[in-house]
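Engineer: The primary structure of each chain is shown beneath.
2 protein chains.
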Amino acid sequence: MKNQNLNQNAIGVFDSGLGGLTAVKELNRILPQENIIFFGDTARVPYGTRSRKTILRYTREDIAILRQHPVKMIIAACGTVSSALGTDSPVEEEMPFTGVVYPAARTACRITKNRHIGVIGTPATIRSGGYVEALHAIDPEITVTAMACPLLVHLVEYGYTNRDNPITRLAAEEYLMPIKNAGADTLIMGCTHYPIIRDIIADIMGQDVQLISAGEEAAKFARDCLAQRGLLTDRAEPGHNIYYVSDSEESFRENAKHFLPDAAHGQVFSIHI
Amino acid sequence: MKNQNLNQNAIGVFDSGLGGLTAVKELNRILPQENIIFFGDTARVPYGTRSRKTILRYTREDIAILRQHPVKMIIAACGTVSSALGTDSPVEEEMPFTGVVYPAARTACRITKNRHIGVIGTPATIRSGGYVEALHAIDPEITVTAMACPLLVHLVEYGYTNRDNPITRLAAEEYLMPIKNAGADTLIMGCTHYPIIRDIIADIMGQDVQLISAGEEAAKFARDCLAQRGLLTDRAEPGHNIYYVSDSEESFRENAKHFLPDAAHGQVFSIHI
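In order, the protein sequences belong to chains A and B.
Once you know that position 52 of the first sequence is 51 in numbering that gives the first Met the number 0, the rest is easy, because the numbers rise by one and skip nothing.
Once you know that position 136 of the second sequence is 135 in numbering that gives the first Met the number 0, the rest is easy, because the numbers rise by one and skip nothing.
Warning: the hint list may mix true and false statements.
Since the list gives no way to pick one copy over another, a pair counts as held whenever it fits inside one copy or between any two copies.
When the alpha-carbon atoms are kept at most 25 angstroms apart in a straight line, the in silico SDA-like pairs for lysine to any residue are as follows [claimed, not checked]: (1) K52 to A263; (2) K256 to R126; (3) K52 to G158; (4) K52 to H271; (5) K52 to I241; (6) K52 to A63; (7) K256 to V131; (8) K219 to R109; (9) K52 to V267; (10) K52 to E253; (11) K179 to I110; (12) K52 to I62; (13) K179 to E60; (14) K52 to M146; (15) K219 to S269; (16) K52 to Q67; (17) K52 to H264.
Since the hints were derived computationally from the structure, they do not count as laboratory data.
Whole structure, please, built from the sequences with the hints as guidance.
Structural biologist: Put into structure tokens, the structure is as follows:
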């Protein structure tokens, strides 16, 4: 009976900003009956240029906010947070938890043919070495080419996202050409913001390179994890998303539409952190 | 005697990040005997894309940090904070205070010949209308062309600051050409980060347009204000700068050199906020 109740709890998802909505979008697609509680720390975004100590402090605070609600799993839908955590879980063992690093690394190792994988992320993500470590834990002989892309999060957050935007294209070329030239056949988009400019990234990398969205992989990993523990809901009706942000509701409604069109009309609450 | 003691107090300067060091640099130049206490909220930078409510909350917290030290004046060396405050002072009347908006507006009105002034700033600064209001309070017949430049703070913070950097040049052209074409003869660099790319801005605006650094003007205004109140120090030996930041000391040392070369070797303390 305890599990029966737990089943009805929401899946808690947090991110430094709104990139994590790419994971929520995938959760809504593959688990439409589940309730989702999302927290975006929009008053302190971005995390990717901060020190590890500050990122871990923010992470603890973000998780505390989600845990004020009945949640049955927590997803850190943020490449920077996931990399800072490494293999440490920030919650007790009974609470299912995943970041985006391991799920993305697992999929990348499965689909690469030449065993050369590219990784793009924020400066903090790349500096942490989290993706490289996860890839090598799965297959020590994988070649990894990793590149920090400090500007991309901002270009996405400011809506420089058209396929032909010259600034985003120029910045993305600078970051991606070394990975393409090095010969990777698979690219992990290691920050949950990047899928919004997937078409620009795909144009530069070419059709022979497979792109992996870290947020989508985390959503699929969470589904498997909940299924394994018997924690998926048995409700028939569709679930709801509730959004919490640390900056204003208005800025959420304005920006969320780039990530998840439905979010702009959803239930949004602004909280102090 | 009370004033005698106050005179020896430091000048407190704060910014959302490190742009405010352009004001500190000018203070060191024009008031070399003064002690400076600087706080940069590097764990929460940038403010310029946040809501006004969040910016004002952060401002109160930043001022509280400076006031833990004996300061005789407070300078908000941040265009975003100054614009959010408008004509309100965030401290009691006895404490001299200035932002960057009024000092820059006053100088711009004095030097413009065609009475057409351009303003660039963060989205929050431009949205607030603070500069336009200040310019019109001084001279209601000034024409103002204002433009939000969301990317420039990041380009500066990430070191995309070489005169020939193609991304910064492209972004700056997109923001500045409408101001140039509108015919402004004076441009207020309304965010304290922008002087770092002054040469790129000058190349685009051309030699007939005069550039005003908001941080430098605030420093000069502070000098006048302290002189008027008899609060300048009478020490003969050079003053010291002490730096506080909310992110790590290391990231301060790495980034501060772009703004103020000496800062990288100064006394730096990291504090929680």
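Engineer: Now, for every hint given, state plainly whether the structure supports it.
Structural biologist: Against the structure, the hints come out as follows:
1. Taking the closest pair of Cα atoms, K52 and A263 come within 25 angstroms of each other only across two copies (20 angstroms); inside a single copy the shortest separation is 32 angstroms, beyond that limit.
2. In this homomeric assembly, K256 and R126 come within 25 angstroms of each other (Cα to Cα) only across copies, at 21 angstroms, whereas the closest approach inside a single copy is 30 angstroms.
3. Within a single copy, K52 and G158 get their C-alpha atoms only as close as 30 angstroms, which misses the 25 angstroms cut-off; across copies the closest is 23 angstroms, which meets it.
4. Taking identical chains as interchangeable, the C-alpha atoms of K52 and H271 lie at most 25 angstroms apart whether they share a chain (21 angstroms) or sit on different chains (11 angstroms).
5. Taking the shortest Cα distances, K52 and I241 sit within 25 angstroms of each other only across copies (22 angstroms), while inside one copy they are farther apart (29 angstroms).
6. Taking the shortest Cα distances, K52 and A63 sit within 25 angstroms of each other both inside one copy (17 angstroms) and across copies (23 angstroms).
7. In this assembly of identical chains, the alpha carbons of K256 and V131 never lie at most 25 angstroms apart, being 32 angstroms within a copy and 31 angstroms across copies at closest.
8. For a Cα distance limit of 25 angstroms, the shortest separation of K219 from R109 inside one copy, 15 angstroms, qualifies, whereas the shortest one across copies, 62 angstroms, does not.
9. Taking CA atoms no more than 25 angstroms apart as the test, K52 paired with V267 passes between copies only; the shortest distance there is 17 angstroms, against 29 angstroms inside one copy.
10. Taking the shortest Cα distances, K52 and E253 sit within 25 angstroms of each other only across copies (16 angstroms), while inside one copy they are farther apart (31 angstroms).
11. When the C-alpha separation of K179 and I110 is checked against a cutoff of 25 angstroms, the pair qualifies only within one copy, where the shortest distance is 17 angstroms, while the shortest distance between copies is 51 angstroms.
12. When the C-alpha separation of K52 and I62 is checked against a cutoff of 25 angstroms, the pair qualifies both within a copy, at 16 angstroms, and between copies, at 24 angstroms.
13. For the identical chains of this complex, K179 and E60 are neighbours neither inside a copy (38 angstroms) nor across copies (46 angstroms), given an alpha-carbon limit of 25 angstroms.
14. In this assembly of identical chains, K52 and M146 lie within 25 angstroms of each other by CA distance solely inside one copy; the values are 22 angstroms within and 36 angstroms between copies.
15. When the C-alpha separation of K219 and S269 is checked against a cutoff of 25 angstroms, the pair qualifies neither within a copy, at 28 angstroms, nor between copies, at 39 angstroms.
16. Taking CA atoms no more than 25 angstroms apart as the test, K52 paired with Q67 passes in both settings, with 24 angstroms inside one copy and 24 angstroms between copies.
17. Taking identical chains as interchangeable, the C-alpha atoms of K52 and H264 lie at most 25 angstroms apart only when they sit on different chains, with a minimum of 22 angstroms there against 35 angstroms within one chain.
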